[in-house]
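Enquirer: The primary structure of each chain is shown beneath.
2 protein chains.
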Amino acid sequence: MLEQLDLTKSMSKEDYKKRMEVLEPELSRLQRECKAAKIPVIIVFEGFGAAGKGYQISRLIHALDPRGFYVHSIGPESTEEMMHPFLWRFWTKLPSTTQMAIFDRSWYRKVLVDRFDGITDEHRLITYYNEINSFERQLAADGNVIIKLFLCIDKKEQKKRFKRLADVQSSSWRVSEDDLRRNKEFDKYKTMNDEMLEYTDKAYAPWTIIESMDRSFATVKIYTAVIEALKAALRRKAEGSAADSDITTVPTPASVEYDDDVLRTSSLQKADLSLALEREEYRAELKRLQNRIADLHGEIYKRRIPVILGFEGWDAGGKGGAIKRLTEKMDPRGYRVHPTASPNDIEKVHHYLWRFWNNVPKDGHIAIFDRTWYGRVMVERIEGFCTREEWQRAYQEINEMEKQFVDHGAIVLKFWLQIDKDEQERRFNERMENPEKQWKITDEDWRNREKWDEYEKAVDEMLVRTSTMAAPWIIVEGNNKYYARIKVLQTVVDAMEKRLEQYTKG
Amino acid sequence: MLEQLDLTKSMSKEDYKKRMEVLEPELSRLQRECKAAKIPVIIVFEGFGAAGKGYQISRLIHALDPRGFYVHSIGPESTEEMMHPFLWRFWTKLPSTTQMAIFDRSWYRKVLVDRFDGITDEHRLITYYNEINSFERQLAADGNVIIKLFLCIDKKEQKKRFKRLADVQSSSWRVSEDDLRRNKEFDKYKTMNDEMLEYTDKAYAPWTIIESMDRSFATVKIYTAVIEALKAALRRKAEGSAADSDITTVPTPASVEYDDDVLRTSSLQKADLSLALEREEYRAELKRLQNRIADLHGEIYKRRIPVILGFEGWDAGGKGGAIKRLTEKMDPRGYRVHPTASPNDIEKVHHYLWRFWNNVPKDGHIAIFDRTWYGRVMVERIEGFCTREEWQRAYQEINEMEKQFVDHGAIVLKFWLQIDKDEQERRFNERMENPEKQWKITDEDWRNREKWDEYEKAVDEMLVRTSTMAAPWIIVEGNNKYYARIKVLQTVVDAMEKRLEQYTKG
Chain A
1 MLEQLDLTKS
11 MSKEDYKKRM
21 EVLEPELSRL
31 QRECKAAKIP
41 VIIVFEGFGA
51 AGKGYQISRL
61 IHALDPRGFY
71 VHSIGPESTE
81 EMMHPFLWRF
91 WTKLPSTTQM
101 AIFDRSWYRK
111 VLVDRFDGIT
121 DEHRLITYYN
131 EINSFERQLA
141 ADGNVIIKLF
151 LCIDKKEQKK
161 RFKRLADVQS
171 SSWRVSEDDL
181 RRNKEFDKYK
191 TMNDEMLEYT
201 DKAYAPWTII
211 ESMDRSFATV
221 KIYTAVIEAL
231 KAALRRKAEG
241 SAADSDITTV
251 PTPASVEYDD
261 DVLRTSSLQK
271 ADLSLALERE
281 EYRAELKRLQ
291 NRIADLHGEI
301 YKRRIPVILG
311 FEGWDAGGKG
321 GAIKRLTEKM
331 DPRGYRVHPT
341 ASPNDIEKVH
351 HYLWRFWNNV
361 PKDGHIAIFD
371 RTWYGRVMVE
381 RIEGFCTREE
391 WQRAYQEINE
401 MEKQFVDHGA
411 IVLKFWLQID
421 KDEQERRFNE
431 RMENPEKQWK
441 ITDEDWRNRE
451 KWDEYEKAVD
461 EMLVRTSTMA
471 APWIIVEGNN
481 KYYARIKVLQ
491 TVVDAMEKRL
501 EQYTKG
Chain B
1 MLEQLDLTKS
11 MSKEDYKKRM
21 EVLEPELSRL
31 QRECKAAKIP
41 VIIVFEGFGA
51 AGKGYQISRL
61 IHALDPRGFY
71 VHSIGPESTE
81 EMMHPFLWRF
91 WTKLPSTTQM
101 AIFDRSWYRK
111 VLVDRFDGIT
121 DEHRLITYYN
131 EINSFERQLA
141 ADGNVIIKLF
151 LCIDKKEQKK
161 RFKRLADVQS
171 SSWRVSEDDL
181 RRNKEFDKYK
191 TMNDEMLEYT
201 DKAYAPWTII
211 ESMDRSFATV
221 KIYTAVIEAL
231 KAALRRKAEG
241 SAADSDITTV
251 PTPASVEYDD
261 DVLRTSSLQK
271 ADLSLALERE
281 EYRAELKRLQ
291 NRIADLHGEI
301 YKRRIPVILG
311 FEGWDAGGKG
321 GAIKRLTEKM
331 DPRGYRVHPT
341 ASPNDIEKVH
351 HYLWRFWNNV
361 PKDGHIAIFD
371 RTWYGRVMVE
381 RIEGFCTREE
391 WQRAYQEINE
401 MEKQFVDHGA
411 IVLKFWLQID
421 KDEQERRFNE
431 RMENPEKQWK
441 ITDEDWRNRE
451 KWDEYEKAVD
461 EMLVRTSTMA
471 APWIIVEGNN
481 KYYARIKVLQ
491 TVVDAMEKRL
501 EQYTKG
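As they're listed, the protein sequences go chains A and B. Residue numbers for the first sequence follow this note's numbering, beginning at 1 and rising by one. Residue numbers for the second sequence follow this note's numbering, beginning at 1 and rising by one.
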């Protein structure tokens, strides 16, 4: 989930000021309304060290009536707390129906900092996750609004901030040895955070990712996230449903998705489409990689490792070309390409994932899907072929399916072939003009093109919500076909080699 | 869940015949209606060997149009199936929207027979459970009706049936070595089944327990369960909601609860209220147990084991007397009795479990609750102090809370003090007549008494749905106070000794 984020989002001073002038009084008003409506509110701040939790909490309470909230700073467990069930210290800190409780770190400490520091028993990790999910579900069902904010910066920025803090005498106490160790092993700690986000992002208590490289942007996004959540809670209360009735069926925005494009969590925009390869280099690399894949394919077969490769991307993004280069030197008995079109009559009377389950590769075989189950959250979403509830819950369903493949032992990779709008137009026109390629272009392609912005929004959401550690999305910068094909092949080679390592090692 | 069941339920020939004359054509009609409404139906038969799965399946399809269903017998995985993810062989067997799939054993094989036989990797058990729950949730969300029937007999009956089958040449092949081994280790296998029921009893795919000692009773209950489920599905479809919208919030009847008292799963009726102790024996036992408890209390404290004891039962059932005897020789610094009355003003503005979380004992201490969190599913349910949704989801919430206590290391026991209606009247009158006991009886007690039948139904449901392996209910036969008190003390002693064993052993 964190891998694909564009953290560089920022906001100009003017825009910030203008927005805050609206947001502050609005939050203030909503706090009063929630109190009157007897809605208990829980706000959780988690994220990387030096991402600005402290600053943002004080910035948030700025707008709040101090008689209506508590801030709880959650440190290591005391001896007394250790002598009770893990969640006891949080149950006893819960807000009443007229209060707001703000947590600076929270129950997530158990599966993050305390885990990293070796305090948490790894064997009990799943139990703690289950307890956390059940805790939040019980509170949400009882009418609590649970707002979970994850403040995100990158390793370099964190190091810079730690240094700045440490250099000033008055703030040097704020940087601990542990902080520095977590910076040094940033990737390991990030993986723990990523896993946590995957396991605990629920409809009744969704995470909102706060891109925190730019402080003003983060403040505005936090205010907006809190405001949207409170508004939704008031609406539900007015409608008489204590909590979301479809509370656990609809999985959730990893990030609150507003119509406001500025605040939207995105991945596509950061793709560097200028990346390119020269023809000579391409041919050499292609040869090398195709030979390597042929060898690896044999190993994969011998070790009985199933491989599932999904290809998605803009029309004319280069899926076909990449798949062709990928399979060119593979033994045809060991792989199959499944083109995914609209479902046929038999497929239509089954679950939308049924046809893909039917094509799960046998151990040792490779299944390549040209377009995939992700149609559900792209074309079906945009064209209205399924209901809002259906595509919303599909993210979780798809994540679960892919996890089952991975748990069974499969390598699962998903490629998004990214091109820009101009490049697509160029390719469309080329197809129109070339008699041999004309079959590849239809009126529908041009119609889809008109919905580019809608698709971009759906794709951004899909990438954030379904790029899991088990089955990552790879964004392939595709304006240059040579570059794109090599990246696809190299990624497949790397994944196979990594998996096979465990056999040579042990 | 299985521990507390009354399996002896039976049905007379006439009653059976009369009911089946109505049920068969009704099922037949509902099959057609579901087909027309495009509702896919999945019926799962699980349960103990020789409980009658085969017979009941053929009895069920009697009423069905053979063009509309398939029966799948699920044996051990084939080599081909082993080379795919676990659920692949079930995904490919799913019914279309106009079909019914009947499974004779199912995906539950993985966590039952195959687990018992050592084929299933114990380390992956939780993963399999998660996969099963996600599988069923995805199907239910897509409109599938999932009817899960658990056919239950006891060890003795099973042995008898195996013997009968083995003795006749034509049926002796039906009893395998494995069957006999599972009979021999019935309790171990039963525990696995019990755990399975606890983990997979979900609102979107509830289990119905079929008491199968009497074949006719079982047939009628199966027909009724299937019919009720199909009716509910048709109703939902007509209302336009693809599946239960509150699909995972409301946990479910372990058994379908009809208004029909005959079919209702029950526990209270089997309590043998004639059990009694003479005064002499009582006094000797009491002394012995109280001394033992005093010793154990010290050990418990030293080992830092928290103990949670809950007392529920009919008014005048003897809770107070039992608690008094239990604590008489305990060190008062090490235990606390929490009487539970109506919630006060502060408690009212918090989650209903909040006040009990606040009284979770510290490690090494004993907390005794005179009335408990179970008020939610008894008095609050019956008096309408909470909504139907609230008490329905409380079973799962309570199970989760108790599991957290146990996972933290606590001993959790729940006592139900059972007396019959006549005995209650006798005790009420005694209280009225005895000036020293008059304070113990109020008009409310008499009013509650009028709702005896309603309470009995609620208690029966509570006992089945919340008697977990981690935190069992103990039904205390209470007409004779001596017997009841000794049973309570002995149960506490046994539980403490069992827990302490692990320290002396290892």
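Hints are computed from structural coordinates only; laboratory data are not their basis. Do not rely on the hints blindly, as some may be mistaken.
Copies of the same chain are indistinguishable here, so a pair counts whether it falls within one copy or spans any two.
As the list claims (entries may be wrong) - List time: in silico BS3-like cross-link candidates among lysine-lysine, alpha-carbon distance up to 27 Å:
#1 38 to 156
#2 38 to 437
#3 93 to 329
#4 440 to 38
#5 18 to 324
#6 348 to 231
#7 348 to 38
#8 270 to 156
Enquirer: Please go over all the hints and tell whether each is borne out by the structure.
Expert: Hint-by-hint comparison with the structure:
In this homomeric assembly, residue 38 and residue 156 never come within 27 Å of each other (Cα to Cα): the closest approach is 43 Å inside a single copy and 56 Å across copies. Taking CA atoms no more than 27 Å apart as the test, residue 38 paired with residue 437 passes in neither setting, with 64 Å inside one copy and 42 Å between copies. Taking the closest pair of Cα atoms, residue 93 and residue 329 never come within 27 Å of each other, the shortest separation being 62 Å inside a single copy and 35 Å across copies. In this assembly of identical chains, residue 440 and residue 38 lie within 27 Å of each other by CA distance neither inside one copy nor across copies; the values are 59 Å within and 37 Å between.
When the C-alpha separation of residue 18 and residue 324 is checked against a cutoff of 27 Å, the pair qualifies neither within a copy, at 52 Å, nor between copies, at 68 Å. In this assembly of identical chains, residue 348 and residue 231 lie within 27 Å of each other by CA distance solely across copies; the values are 24 Å between and 38 Å within a copy. Taking CA atoms no more than 27 Å apart as the test, residue 348 paired with residue 38 passes between copies only; the shortest distance there is 12 Å, against 46 Å inside one copy. In this assembly of identical chains, the alpha carbons of residue 270 and residue 156 lie at most 27 Å apart only when taken from the same copy (17 Å versus 69 Å across copies).
Figure legend: structure checked against the earlier numbered hints; hints not met, in rising order: 1, 2, 3, 4 and 5.
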